[in-house]
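Taking the hints into account, I'd like the entire structure generated from these sequences.
653 is the number of the first residue of the sequence shown in my numbering; add one for each residue after it.
Worth flagging that the hints you see were computed from the coordinates, not collected in a lab.
Mixed in with the good hints there might be a few duds.
Cβ-Cβ distance ranges computed for the label pairs, FRET-style [to be verified]:
1) M792 / V821: 32 to 40 Å
2) F706 / D765: 20 to 28 Å
3) D838 / K816: 29 to 37 Å
4) R798 / S704: 23 to 31 Å
5) I841 / W655: 13 to 21 Å
Derived pair list, reagent style DMTMM-like, types lysine to aspartate or glutamate, alpha-carbon separation capped at 20 Å [claimed, not checked]:
6) K773 / D741
7) K661 / D758
8) K702 / E751
9) K702 / D765
10) K773 / E731
11) K702 / D762
12) K661 / E835
13) K702 / E731
14) K661 / D838
All C-beta atoms, glycine included, are put in the ideal place defined by N, C-alpha and C.
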Amino acid sequence: MLWPYFRVKAAGRQNIPRSGPVILAPVHRSNLDSPLLAPLTRRRFRALAKESLFSMRPMAWFLVALGAFPVRRGSADRESIRAARSLLDTGAMLLVFPEGGRQTGDHIADLFDGTAYLAAKTGAVVVPVGISGTEAAMPMGARIPRPRRVCVAVGQPIPPPDRKAPRSVLREWTTTLTAGLQEAQDTAISLG
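This is the structure in structure tokens:
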């Protein structure tokens with residue numbers, strides 16, 4: 653439904669595993685990012701979304717329909733992490749924005765270690781996803797999206813770190829994810 657409006661061009665869809673625990677790890681430039689990723693795969697995915705979005709009734713209904721659940725940003729939200737682990741332990745696919753909140757520009761911001769932690773504890777592969785055009789279509793503060801071309805590039809899956817990896821290894825693994833995410837973002841930009 654949204655893809656024709658934004659003339660979405662996608663590459664690398666075959667990189668999303670058809671089964672098993674998967675963390676989709678896209679860049680985050682706009683509130684359009686999550687709904688535009690759904691058509692990439694036939695698998696239904698769940699998503700972490702900032703808690704404040706659930707305080708607005710129409711938005712909360714929409715997010716729950718998309719399979720989202722709240723996370724408190726700026727703290728280690730143990731309840732959300734537990735819920736995410738439980739989902740991944742059942743072989744589900746989970747959307748996590750490793751940059752945290754929305755960012756601007758083409759370069760990947762510093763990533764949080766939460767994605768590495770979830771991947772290590774659940775054995776989930778992590779699939780980096782670059783998205784270009786959503787920031788122009790619906791920048792921060794905009795209420796109505798504008799028709800702009802959106803390009804999505806799905807990168808190569810990254811195997812999880814070892815389940816018992818120390819924090820230093822998780823940080824190193826996060827550097828690998830940053831590189832994969834930047835590569836996917838550069839590919840998305842080149843598709844436009």
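I'd like to know which numbered hints this structure contradicts. Please list them from smallest to largest.
Of the numbered hints, all hold.
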